[in-house]
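Sequences are here, hints too, so could you generate the full structure?
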Amino acid sequence: MKTLIVVIHPDFNNSVINKKWVESLQKYPDKFYIHLLHQVYPNENIDIKSEQKLVEQYEKIVFQFPFYWFNCPPLFKKWLDNVLTYNWAYGSKSGYQLEGKKIALAISVGIEENEFGPTERYKYSLEELLRPFELTFEYIKADYKPFFAYYGIELNSSKEWVEKSIVPYLEFLNKL
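For the sequence shown, our numbering assigns the number 313 to the initial residue and increments by one for each residue that follows.
Treat the hints as calculated values from the structure; they're not laboratory data.
Warning: the hint list may mix true and false statements.
[Said to hold, decoys possible] In silico DSS-like pairs for lysine-lysine, Cα to Cα no more than 30 Å straight-line:
(1) Lys339 / Lys414
(2) Lys372 / Lys339
(3) Lys365 / Lys476
(4) Lys361 / Lys414
(5) Lys487 / Lys414
(6) Lys457 / Lys476
(7) Lys331 / Lys343
(8) Lys390 / Lys365
[Unchecked claim] Here are the in silico distance ranges between beta carbons for each label pair:
(9) Tyr398 / Asp342: 31 to 37 Å
(10) Lys331 / Leu488: 17 to 23 Å
(11) Ser336 / Asn357: 41 to 47 Å
(12) Glu411 / Asp359: 21 to 27 Å
Owing to the predicted nature of the structure, the values given are computational and were not obtained by experimental measurement.
Virtual Cβ for every residue (Gly too), placed ideally from N, Cα, C.
If you want it as structure tokens, here you go:
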């Protein structure tokens, strides 16, 4: 079964790593369905029912985005707020359409990995900073999986460095 890759990047055409990841995934149309959220909704008017029907079709869903300002792009937050509706994603009597579905995050991070942590510049690990996503997906009874992160994009944008990210990303996706 294919994996749904929801790509949330506000400047995808000028992206270095997220664009390369998508190009690599497009080589495997039998394994991955790529949903470029900003291209589908350039005005950010999300079609809630369409998004719900889309995610219902997949057992594995990956949200791919750049991590900046210690969070996700705003359209992803809007997607979560609008698509994960009461009595569809959660509820007292019905809902839980994502129950048991494997959900993971694939993140490009500008900062080097060693800058995250209690004694480091940014005080918290990336895992700690991503806890709201973990809690959100656990709340709707999805099977939240460990995230994939590729660090250091601010200082490393050479073609070779970007190419090095592809194999680990594909391995991560194949293990979901």
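Against the structure, the hints come out as follows:
no., hint, verdict
1, Lys339 / Lys414, "22 Å, holds"
2, Lys372 / Lys339, "18 Å, holds"
3, Lys365 / Lys476, "35 Å, violated"
4, Lys361 / Lys414, "20 Å, holds"
5, Lys487 / Lys414, "11 Å, holds"
6, Lys457 / Lys476, "23 Å, holds"
7, Lys331 / Lys343, "18 Å, holds"
8, Lys390 / Lys365, "17 Å, holds"
9, Tyr398 / Asp342: 31 to 37 Å, "35 Å, holds"
10, Lys331 / Leu488: 17 to 23 Å, "22 Å, holds"
11, Ser336 / Asn357: 41 to 47 Å, "30 Å, violated"
12, Glu411 / Asp359: 21 to 27 Å, "23 Å, holds"
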